[in-house]
Structures are given as C-alpha cells and as structure tokens.
Amino acid sequence: MASRKKILLKVVILGESSVGKTSLMNQYVNRKFSNQYKATIGADFLTKEVTIDDRTVTMQIWDTAGQERFQSLGVAFYRGADCCVLVFDVTAPSTFKSLDSWRDEFLIQASPRDPENFPFVLLGNKDDLEPRAISAKRAQQWCQNKNNMPYFETSAKSGSNVEQAFLAIAKNALAQQNSTVDLYNEFPDQIKLTNTQKPSGSGDSCSC
Amino acid sequence: METEPDEYHDCFMQDGVLLKQAPSSHMTALNTIGTLYIYEVTRSGESCNKKLLLEWKQNDITVDSDVQYQEWAVVNTVQKRIRTLSENMPEHHNRSKSLKINFDEIKSFKVCNKNRQLTFYDGTSERICGFLFQHGNCEHLVGMLKTILKVGVSRRDKQIYVVYDSNSPEFQELNRSFAALNLKNEDNSFWHMFKHFKENPYEGSLGAFAKVTNFVYRSVEGSDPDILSRDELYSSITELDDGVPHSGGEYEVINALPQLPRRKEFPRCNPLTEEQWRSQFNSLGQLEDVDSIKNLIFRGGVSPTIRKEVWKFLLDYFPWDSTDLDRQQLINKKNEEYYVMKLQWKSISQKQEDNFSDYAQRKCQVIKDVNRTDRTLEFYAGDNNINIQTLGDILMTYVMYNFDLGYVQGMSDLLSPILWLMQDENDSFWCFVGFMEKVMSNFDIDQAGMKEQLTQLRVLLSFIDPVLANYLEKHDCGNMFFCFRWLLVWFKRELNQDDILRFWEVLWTGYPCHNFHLLVSVAILEHESEALMENDNGFTEILKYINELSGKLNMELMLNKAEGIYNQIKEADHLTDSVRSILGLPLIGTKNRGSEEQSSQQESPFESPDLSTPRTEPCCSVDNVRISPDEIAFEKSISSSFL
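Sequences listed follow chains F and W, in order.
So in the UniProt record's numbering, spot 59 of the first sequence is number 59, and the numbers just go up one at a time.
So in the UniProt record's numbering, spot 310 of the second sequence is number 310, and the numbers just go up one at a time.
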C-alpha cells in the first residue's frame with residue numbers, strides 16, 4: 001500500500017560557513033556550480049526526484065546558514081528531517097573540528113525519536129583543492145565512532161562523487177522514514193544504515 | 001400580532017433619504033428617495049401601550065395615513081427571524097411604498113460616510129435596512145435615536161452604536177456562545193461551513209470568522225468592508241436553535257468585528273533634489289529644516305547626485321545640526337580614529353593570530369563572506385578585486401571597533417552598497433557604523449533581536465490581516481521564520497541595487513514610526529496572502545514562496561502600502577499598547593481596557609519576555625471569540641475546502 005504513496009524525504013545539510021553546503025545542493029539538484037553564491041541567510045531548500053530501488057521519491061534538501069550564531073534558528077528548519085548531511089571542508093581543519101557540535105545541535109533541535117540510530121552522512125567537500133588538511137583516514141575514524149556514519153569525499157565544483165553521496169543520503173533517509181513508520185517489510189535488508197555504505201576513500205573520488 | 005393603531009404622532013421627520021438596503025420585500029424600493037419618520041403609536045384596547053416606530057416612505061406615495069399605515073411592513077425577527085408583513089397585506093401585494101421598523105428590532109446601528117449613511121442591524125439577524133441622507137446628514141436622527149434607545153458606542157468601532165437590551169434571550173444567547181448555531185440556508189455555499197458548528201463550535205466559529213474576514217477583505221473589492229463584514233457576520237450567526245446546548249463556553253461573543261479605517265494610498269514622490277537640498281543650508285552650512293528634509297526623503301528618497309552626501313547625515317556620521325566647519329573637523333578626527341583601529345588588527349602577527357582564536361574566527365568569517373558578497377556587481381567582480389579587499393578591511397576594522405559583536409553574517413550585505421556609493425574607506429566605515437547602530441540587535445549572539453522582531457511582525461500582521469495571521473499560526477508558521485532574511489538585512493537580498501539604495505534611505509529617516517520595515521513586511525505578506533494561503537500551504541511552501549519573491553518585489557508599492565497600513569493603525573479605534581509600543585507611538589494604557597487586552601496571551605515561540613501582549617490568536621484578532629490557549633489546532637476549519 002505504501003508503495004503508491006508519494007514519498008518525500010527531508011534532508012538537512014549542516015556544517016561550518018563556506019564549506020560548500022549551497023554549492024553541493026545546487027550541484028546535485030541543478031548540476032551547476034557557481035562561485036558567486038552568497039552566504040545563505042535564513043534557510044532555503046531545493047527538491048529533486050530520485051529513483052531508489054524502483055521507487056520514485058522526492059528529496060527536499062535544506063540548506064541553512066553556517067555561522068554558529070544562527071544555529072538557534074535550526075529548530076524551525078530541522079524538524080521532520082529524515083537524514084542529516086554534515087559537511088566539512090577538507091582543506092580547513094576548523095570545519096572538521098566543529099562537526100561534533102553540529103551533530104549534537106541537530107539532535108537537540110530536531111529531536112528525532114531514535115537519536116542513536118538517526119542517519120547522518122558526512123561529506124568532505126572541496127577535495128579538488130589543495131592543500132588537504134584532513135585526511136580521508138581521519139574522517140573515516142571519526143565516522144566509525146559515530147555509528148559507522150557513511151563518508152564521502154566530494155567536490156561541488158567538479159561534481160565529483162556528489163551524485164553517489166546524495167544517493168546514499170536518499171537511501172538512508174528512506175530507510176529512516178520506513179523504520180519510523182514501521183514498514184520494514186517492504187524494504188528488506190538492502191538499506192541498512194550501517195554496513196552497506198562503503199565509505200569512499202579519496203582515491204575513488206579524485207576525478208579532478 | 002395586533003397592528004391596529006389607535007393614534008400616533010410624529011416625533012421626527014427628515015426628507016431626501018435614499019433607501020440603500022432593505023429586506024427582500026422592499027427590493028423594488030431600493031435606491032429610491034423617501035422621507036424618514038419617527039412615530040409614537042398608541043394602540044387601542046391596550047392602555048398605556050405606546051410604541052415608537054421608525055418609518056421610511058417613498059416620496060411618490062400620496063400619503064393617506066390611515067391606509068398607508070396598513071401597508072407598513074413590520075420587520076419582525078423576534079420569533080422566527082422572518083420578516084413579516086402586517087396581516088392586512090399579503091406579501092406578494094406589498095408595493096414597497098414604505099418600510100416600518102420596530103425599535104425593538106434594532107440592536108445596533110452604524111453611522112458612516114460622514115454621517116450621511118445610517119444602517120440598522122437587528123443583532124441576531126441580517127441588517128434591517130440602510131439609508132443614505134441626501135439632504136444634510138443623519139446627526140439629528142441619531143440624536144433622536146439616542147434618546148429613544150439605550151445605546152453605547154461600540155468598543156470596536158466608534159461608528160457603531162450598540163443598543164443595550166438585556167431582555168432579549170437571543171441576544172444573551174448570542175453573547176454566550178456560537179455553539180447552538182443552526183443555519184437554515186445551508187444550500188448557500190458561502191455559509192456551507194457552518195454546518196459543523198454544532199459538532200465543533202470552536203473550529204466552526206473561527207473558520208467562519210476567517211472566511212468572513214477573508215470574504216470581506218479580499219473578494220469584494222470596492223464594496224464597503226465595514227458594512228459587509230457586519231452583514232455577513234450577523235447573517236452567519238442568525239437562527240439560534242434554542243434546544244441545542246452549547247459546549248463549555250471557553251469563547252465568548254463580544255459584539256463586532258474590529259474595523260480598521262479605510263486604507264489610503266501614499267504614492268511615492270520625486271526624490272529630494274540637489275536644489276532642494278542645497279537650499280536648506282544656511283550660511284554656516286547648517287541644515288535649517290531637518291524635519292522637512294527627512295520627510296522629503298521618506299516620501300521619495302534622494303537624488304543620486306547628492307546621495308553620497310545625504311547618506312552621511314542619514315547614517316549619523318554627520319550630525320544633522322553640524323556646520324561646514326564641524327564636519328571638516330569631524331572628518332579629520334574620524335579619519336584618524338579609523339586608521340588607528342585599522343592598524344590595530346593589521347599589525348597582529350600570524351603568531352598572535354594563532355594564539356588569539358576569537359580574533360582568528362572573526363577574521364576567517366569576514367574573509368569567507370566578503371569573497372561572496374555581491375560579486376555579480378561590476379564594482380565587486382573579478383579576481384583580486386580591490387573593493388573586496390576594502391570591504392574586508394572595513395569589516396575587520398569594525399571587529400576592532402566592536403569586538404564583542406564582531407562579524408556576523410549579513411553585515412557584509414549591509415556594507416556593500418555603502419562602499420559602492422561612497423568609494424571611500426573612511427566614510428564607508430563610519431556610515432556603516434551608523435547603519436549598524438540602527439540594526440545592531442539583528443546580530444545578537446542569541447538572536448534575541450531577530451526573534452523579537454519576528455514576534456513583533458506577527459503582532460502587527462494579526463492586527464492588519466488577522467485571517468492570514470491565523471492561517472500562519474495554524475500552519476506551523478507562527479514563528480514567521482520565513483521572513484528572517486527580509487528583516488536581518490533589510491531586504492538586501494530581495495531588491496536590486498537601485499531599489500535597495502532607495503529603500504534604505506527611506507527607512508533610515510525613521511519616518512513615520514519605529515520599525516517601519518516591519519510594516520513593509522506586513523504589506524508584502526498581505527499583498528501575497530492569497531498565494532500564501534493557497535493549497536493548504538505549510539511552512540515549507542510558504543518559505544519557498546517568500547524566498548522566491550526575491551527580485552520580484554515592487555519597492556514603491558511596498559512603501560505605499562506600508563504607509564497606508566501605518567495610517568490605518570494610527571487611526572484604528574482598537575489600537576492596543578502592544579502595537580503602539582512596536583511602532584513607537586505614545587502609550588495610552590490600554591492594558592485593562594476592553595476585551596482585547598485580556599485575551600489569552602499566546603506563548604511566544606521564542607520566550608521573549610519583554611514583549612507585551614502579542615495578540616496572535618485568530619479569535620482575538622477578530623475579537624469576537626475568546627479561546628483558551630490550550631485549544632488544539634483547527635486546520636480543518638480554514639482548510640481549502642472553503643476556497
């Protein structure tokens with residue numbers, strides 16, 4: 001019965017200012033990159049239809065302001081999220097260090113029913129830029145301690161790995177939604193949160 | 001009903017009275033001229049039964065009182081709310097020559113159109129009839145009515161006189177509850193929604209009010225909203241079914257819709273010209289009449305040729321009363337001050353910076369943001385743009401000037417047009433300081449200033465467009481977050497460069513009141529309200545819609561409407577201190593006056609403690625129904641099914 005229902009997946013992108021949240025969203029949805037994006041004020045979102053395992057779902061991808069000061073507004077935008085995407089800039093260590101606080105803040109403000117198992121996906125963006133400050137290994141280690149959070153290295157500029165990352169995000173979001181509404185039956189094990197997403201190392205994302 | 005008169009005598013007469021509204025039995029007499037009389041009738045067989053009657057007679061009727069009297073139409077709503085004719089004249093024979101109104105029927109009347117129009121309402125039914133006085137006005141008649149009836153001016157509308165009649169059970173019932181409503185004309189689609197009044201009086205009544213207001217304010221362009229709203233309201237709450245118990249009674253009917261004065265147009269004027277500007281300076285170079293200058297700027301902005309100079313005054317870099325000499329000294333002093341502060345951060349070594357994370361964070365954020373500020377403008381375009389460098393230097397110097405505030409996203413948006421105009425680092429800095437003084441609280445670390453403004457916006461919207469405010473409240477949009485960007489950077493992201501220069505200079509005048517930008521926001525929301533409330537839109541759709549208004553707003557129209565709204569608010573009878581304080585109008589202590597201030601205060605979504613009485617509930621905005629704050633949502637009552 002649920003297969004006929006229109007599925008909307010809400011995904012929230014979080015991370016420090018200027019790590020490329022808006023760019024990632026636009027690259028994924030519109031396949032465009034611009035270095036003229038302004039700093040996001042408030043929030044905005046884009047939608048994209050994707051097919052996951054023969055089901056068409058609508059992804060609603062939310063982009064918010066990155067400065068810490070605006071975190072307190074998140075409550076209005078995070079609610080009802082099915083997946084949270086954390087983004088850092090692989091060339092800027094401070095953006096990696098703040099990931100914990102973004103994750104914690106999201107869990108506080110969105111207050112999902114099962115915070116332990118709420119799906120997060122980590123994106124290390126700007127992997128087209130040098131010099132690198134955060135190695136893939138370091139990022140993966142962080143992910144292991146966070147319930148084996150899937151990790152992707154992306155370039156919103158070149159588009160590298162962006163599609164794959166968002167597909168994983170969509171699958172995680174869908175799994176989250178199904179688990180929330182107790183529809184396990186329809187989606188057997190293929191979309192487990194933890195094991196199936198093979199973290200992409202920097203090697204396979206280096207298309208630049 | 002006995003209608004045989006024994007004797008009567010005139011108490012009052014006025015000719016040249018046009019029948020504007022009448023019961024269906026008198027439709028043919030509409031818009032014909034006649035004479036209004038007040039009679040005292042003493043009936044035979046019932047001693048001391050004197051009764052006053054109001055009668056309108058069509059002019060072309062030759063009056064033979066005895067015969068004529070039998071042709072009067074008695075408007076009787078006491079039992080079945082059906083207008084009946086006197087027994088001697090079957091309805092289809094009625095020639096509409098005269099219309100008789102029993103004073104018992106009149107529960108309120110309204111005087112409008114400069115005392116030239118008078119409309120009677122029976123309170124539990126439709127409006128009885130209305131008259132337009134072509135010769136003079138109705139003041140004399142109203143004076144008579146005041147002596148005949150026990151009346152008081154409505155709290156909501158000075159134009160409405162309410163007749164006190166404690167004996168009317170219907171009226172009492174009406175004052176208690178809507179619960180027992182049972183409409184008969186259900187086949188009328190407009191009132192279809194009242195069907196579920198009995199099951200869901202709370203939802204039903206609010207839905208009704210929302211629709212009534214919506215209908216009145218949105219669908220009936222050009223008609224008199226005051227009259228219509230009362231009309232529709234009263235017909236909606238007619239036909240009380242005595243047998244039905246009403247539930248709880250956590251709401252209460254008061255007596256009339258709050259009515260705003262009519263909106264006036266305030267088309268924008270020509271910008272302040274160089275000639276006008278120069279003529280205002282005396283021999284010392286002092287501005288003579290600052291108020292009139294500000295007023296001109298408020299009405300039309302500033303001509304581009306003098307903008308650079310005028311902005312220094314508007315942004316409090318130059319004091320308005322300064323002389324040429326004062327300003328020359330000031331420039332030198334401020335220039336020095338600026339470069340001292342700039343040197344402070346320019347001389348910080350990399351090592352110092354590494355050990356000074358608060359500073360490094362601020363600097364990092366500034367660099368990130370200047371590189372993505374208005375890069376599409378030629379002035380800021382291209383790699384290694386010197387103006388981007390200057391933009392960053394000014395913001396960094398501001399960090400030193402106000403380290404606690406530091407740099408917050410949005411500030412680069414505020415500085416960009418200033419630097420673009422001034423093309424001078426020192427002038428731009430001090431003008432930016434002046435702008436920041438005006439919007440400082442937007443950048444509070446805890447966002448308290450923004451939250452307060454969003455709450456204030458909601459209060460103002462509730463006052464101006466309660467239907468939309470109600471809708472937003474019930475669709476998870478009561479926090480008004482979708483207006484965040486508008487308010488944070490004063491529409492910088494919504495308007496093009498030319499418009500933003502004009503818009504800001506108008507706002508900087510501080511005319512005509514505090515927080516005029518909130519009234520601009522209200523004007524836009526109201527302008528877009530139909531689209532906002534389409535398709536049962538929720539927060540997501542509304543945020544998207546608002547974001548996509550960027551680049552599409554008509555700035556002049558916004559200002560025009562906002563000024564119209566300001567004047568409506570200022571002249572509104574039901575203006576509360578909470579609204580007054582937002583706009584900086586003198587408070588008059590309405591705290592305990594009327595019902596509106598007692599309406600249960602909605603808890604602020606931001607727990608903003610210093611805001612008094614945000615009146616956000618749909619009911620108290622409409623001011624007819626009071627609801628307990630713990631009532632749950634009632635989306636269905638105002639859902640799209642009525643549209």
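Hints in this document: simulated from the structure, not taken from any laboratory.
What you are looking at is a predicted structure, and each value in this text was computed from that prediction instead of being measured.
The reader is advised that the hints may include incorrect statements.
Distance condition first, Cα-Cα at most 25 Å in a straight line; then the derived DSS-like pairs of lysine-lysine [claimed, not checked]:
| id | chain 1 | residue 1 | chain 2 | residue 2 |
| --- | --- | --- | --- | --- |
| 1 | W | Lys158 | W | Lys570 |
| 2 | W | Lys570 | W | Lys544 |
| 3 | W | Lys552 | F | Lys32 |
| 4 | W | Lys570 | W | Lys264 |
| 5 | W | Lys363 | W | Lys438 |
| 6 | W | Lys552 | F | Lys38 |
| 7 | F | Lys32 | W | Lys544 |
| 8 | W | Lys334 | W | Lys312 |
| 9 | W | Lys114 | W | Lys150 |
| 10 | F | Lys48 | W | Lys544 |
| 11 | F | Lys137 | F | Lys97 |
| 12 | W | Lys351 | W | Lys334 |
| 13 | F | Lys48 | F | Lys157 |
| 14 | W | Lys308 | W | Lys342 |
| 15 | W | Lys552 | W | Lys570 |
| 16 | W | Lys544 | F | Lys97 |
| 17 | W | Lys363 | F | Lys38 |
| 18 | F | Lys48 | F | Lys38 |
| 19 | W | Lys114 | W | Lys158 |
| 20 | W | Lys308 | W | Lys334 |
| 21 | W | Lys351 | W | Lys333 |
| 22 | W | Lys438 | F | Lys38 |
| 23 | W | Lys312 | F | Lys97 |
| 24 | W | Lys294 | W | Lys312 |
| 25 | F | Lys157 | F | Lys137 |
| 26 | F | Lys6 | W | Lys438 |
| 27 | W | Lys20 | F | Lys5 |
| 28 | W | Lys20 | F | Lys38 |
| 29 | W | Lys570 | W | Lys294 |
| 30 | W | Lys363 | F | Lys6 |
| 31 | W | Lys158 | W | Lys50 |
| 32 | W | Lys294 | W | Lys158 |
| 33 | W | Lys264 | W | Lys308 |
| 34 | W | Lys342 | W | Lys474 |
| 35 | W | Lys20 | W | Lys158 |
| 36 | W | Lys333 | W | Lys346 |
Okay, the calculated beta carbon distance ranges per label pair [stated by the list, open to error]:
| id | chain 1 | residue 1 | chain 2 | residue 2 | range |
| --- | --- | --- | --- | --- | --- |
| 37 | F | Asn35 | W | Ser550 | 50 to 60 Å |
| 38 | F | Gln164 | W | Phe403 | 55 to 65 Å |
| 39 | F | Arg113 | W | Gly382 | 47 to 57 Å |
| 40 | F | Thr180 | W | Pro267 | 22 to 32 Å |
Just so it is clear, CB atoms sit at the ideal spot from N, CA and C, and this is done for glycine as well.
A quick look at each hint next to the structure:
no. : hint                               : result
1   : W:Lys158 with W:Lys570             : 15 Å, holds
2   : W:Lys570 with W:Lys544             : 33 Å, violated
3   : W:Lys552 with F:Lys32              : 23 Å, holds
4   : W:Lys570 with W:Lys264             : 12 Å, holds
5   : W:Lys363 with W:Lys438             : 23 Å, holds
6   : W:Lys552 with F:Lys38              : 18 Å, holds
7   : F:Lys32 with W:Lys544              : 20 Å, holds
8   : W:Lys334 with W:Lys312             : 13 Å, holds
9   : W:Lys114 with W:Lys150             : 23 Å, holds
10  : F:Lys48 with W:Lys544              : 14 Å, holds
11  : F:Lys137 with F:Lys97              : 15 Å, holds
12  : W:Lys351 with W:Lys334             : 30 Å, violated
13  : F:Lys48 with F:Lys157              : 19 Å, holds
14  : W:Lys308 with W:Lys342             : 23 Å, holds
15  : W:Lys552 with W:Lys570             : 29 Å, violated
16  : W:Lys544 with F:Lys97              : 32 Å, violated
17  : W:Lys363 with F:Lys38              : 18 Å, holds
18  : F:Lys48 with F:Lys38               : 22 Å, holds
19  : W:Lys114 with W:Lys158             : 12 Å, holds
20  : W:Lys308 with W:Lys334             : 17 Å, holds
21  : W:Lys351 with W:Lys333             : 32 Å, violated
22  : W:Lys438 with F:Lys38              : 23 Å, holds
23  : W:Lys312 with F:Lys97              : 43 Å, violated
24  : W:Lys294 with W:Lys312             : 13 Å, holds
25  : F:Lys157 with F:Lys137             : 23 Å, holds
26  : F:Lys6 with W:Lys438               : 47 Å, violated
27  : W:Lys20 with F:Lys5                : 55 Å, violated
28  : W:Lys20 with F:Lys38               : 59 Å, violated
29  : W:Lys570 with W:Lys294             : 20 Å, holds
30  : W:Lys363 with F:Lys6               : 46 Å, violated
31  : W:Lys158 with W:Lys50              : 31 Å, violated
32  : W:Lys294 with W:Lys158             : 34 Å, violated
33  : W:Lys264 with W:Lys308             : 33 Å, violated
34  : W:Lys342 with W:Lys474             : 50 Å, violated
35  : W:Lys20 with W:Lys158              : 21 Å, holds
36  : W:Lys333 with W:Lys346             : 20 Å, holds
37  : F:Asn35 with W:Ser550: 50 to 60 Å  : 20 Å, violated
38  : F:Gln164 with W:Phe403: 55 to 65 Å : 44 Å, violated
39  : F:Arg113 with W:Gly382: 47 to 57 Å : 50 Å, holds
40  : F:Thr180 with W:Pro267: 22 to 32 Å : 54 Å, violated
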